[in-house]
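Number of protein chains: 2
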Amino acid sequence: MSGFTRYNKILNLFSEQRSSWTVLEISDELKTPSSTIYRIVRELVLAEFLESAAGAYFRLGPAFIKFNRIINLSDPLVRAGQPFLKKLANENPIESVNVLARLYGNKVMCVADYKTPFFKNNTSYQKGKLMPLIYGATSRAIIMKIVGKSLEDLLKQETFYDDNDKDTFFKNLKNDNKKGYCKTEGQVDEGLIGFAVPINNKKLGIEASLSSIFNSIDFLPEHEPIIYANLTSYSLLIERYINQIFDDIQNYHQISS
Amino acid sequence: MSGFTRYNKILNLFSEQRSSWTVLEISDELKTPSSTIYRIVRELVLAEFLESAAGAYFRLGPAFIKFNRIINLSDPLVRAGQPFLKKLANENPIESVNVLARLYGNKVMCVADYKTPFFKNNTSYQKGKLMPLIYGATSRAIIMKIVGKSLEDLLKQETFYDDNDKDTFFKNLKNDNKKGYCKTEGQVDEGLIGFAVPINNKKLGIEASLSSIFNSIDFLPEHEPIIYANLTSYSLLIERYINQIFDDIQNYHQISS
DNA sequence: ACTAAAATTATCAAAATACAAGAAAATATG
DNA sequence: CATATTTTCTTGTATTTTGATAATTTTAGT
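In order, the protein sequences belong to chains Z and W. With our numbering applied, the first sequence covers 1 to 257. With our numbering applied, the second sequence covers 1001 to 1257.
Check before you lean on any hint, since a few could be wrong.
[Claimed, not checked] Residues from chain Z shown here face chain W by an in silico Cβ test under 7 Å; the list is partial: (1) MET1; (2) SER2; (3) PHE4; (4) LEU60; (5) ILE70.
Please keep in mind that the hints were generated in silico from the structure rather than gathered at the bench. Even glycine gets a Cβ: it sits at the ideal position worked out from N, Cα and C.
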């Protein structure tokens, strides 16, 4: 264990399921002497990446809240997309959850969302939660724009039931790409139906998607063209807005240097 | 520069004002050779604490969004307080912003907030933003429960105009502590008036406050007892709920070990 | 308040790794 | 395609990290 890894391994132990650890537990888990862990944890506490809780436990520290805010204010995708999510929601014919998601390693992560006030169910897509790469419209709309070796690398870790399953997956992906949007039902959450379109910006290295998720019960076939039209027009707006934000940042750097 | 400092110094360059940096800029700023910065940045990118943007720039990475979510789901203060903010807001006699804040080093940070739909102004208190320690009811309600050497250490970095200013500050603090709540007007934001009560849990090391912020124009003296009663009763509820959450976590650790 | 247990910090020599500086490679730009 | 820029690689040396143990501090139970 060396470099940043030694800190990252400890931080990554803290999860939704297990949000507090003692030094001894960390030491056991990472098979590293406790004297070493004490030292590293102390450093992380000093930097507010961890903080001590009751009973010798430690939990994630407020530094993450601070940096998360900076991202919300500055990430071009979040900045460009966030303001449109509510508008998109209001133009959808039925109650919806609207999500802006992006690649995160070989997972997909929601970075902004807006749920209409009376939407019944909970979706798995929540800001910051990692979602499967190959299931759900939200994820598929992202990867359908990735091709060649990049796609291969990305899917390397994924397991398909069999070759047939894999073939179907690629055929669907190609098909969706031709249509320009993606629709899946119940792949991630039972009883929900999702529509998604890709959002890309090669210059900024953005590989993302915009999606609307509905309760299957509410959904009627005649809604589909409206949903698709909304998603498409907003994704174009967002892509254009991303460029504008990028130009702003460029100008800022030129002026200040 | 050694240990976590070497990573933290780089991460802390990324701010609301300046959210993207090139390796060369970092190298200049920290007076460290670029080959070293390249190595460190590469490590941070690998861990998703940074990510590369267009034109050799880097920005904060999605790891912060992920960890921020885990905090929202697991931090006892956030978990205990979040659900009550909207209720508190609805029971206030006028439009309000309601804030849960805590100590963060020698600053104060908002960790959860709820603004009523028609509140006009923007407050400086936003989730994740660092606020001054000695101005504003939100901050003062936190420090008024801290005494002795802890308080001294905390205030070491603060500068007062003169000794008189300092004396007044301590006298007010003592006074507020006796009353049980804190009220300030225009100390942080012009035209806003804030009320705050402390939230503490010694066992969990929680030093926080609950506050309601109003537009000065809306506020009438007869509102004050209602506001105070609401804040007090909700702070007690939250303190009790924190203990319950703590017990839940305790039980979880006992069962799983 | 006292005591035992637990948690945390300090010490230090050996081992591992980060460093600086320039060269080389990869990538972007016009 | 040529050039400029960005990024990675290489190497001996200096610095940092490590981990076993000891010392200290904190916590919890009587």
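Is the interface hint satisfied for Z/LEU60? The criterion is a beta-carbon contact with chain W at less than 7 Å. The hint holds - Z/LEU60 has a Cβ within 7 Å of chain W, the shortest such distance being about 5 Å.
Hint check: is the beta carbon of Z/MET1 less than 7 Å from a beta carbon of chain W? violated, 13 Å
Minimum Cβ distance from Z/PHE4 to chain W below 7 Å? It holds, given that the least Cβ distance between Z/PHE4 and chain W is near 4 Å, below 7 Å.
With chain W as the partner, please determine if Z/SER2 meets the hint condition of a C-beta pair closer than 7 Å. With a minimum Cβ separation of about 10 Å from chain W (threshold 7 Å), the hint on Z/SER2 is violated.
A closest beta-carbon separation below 7 Å is what the hint needs, so does Z/ILE70 meet it against chain W? Nearest chain W Cβ about 6 Å off; hint holds.
Figure legend: structure checked against the earlier numbered hints; hints not met, in rising order: 1, 2.
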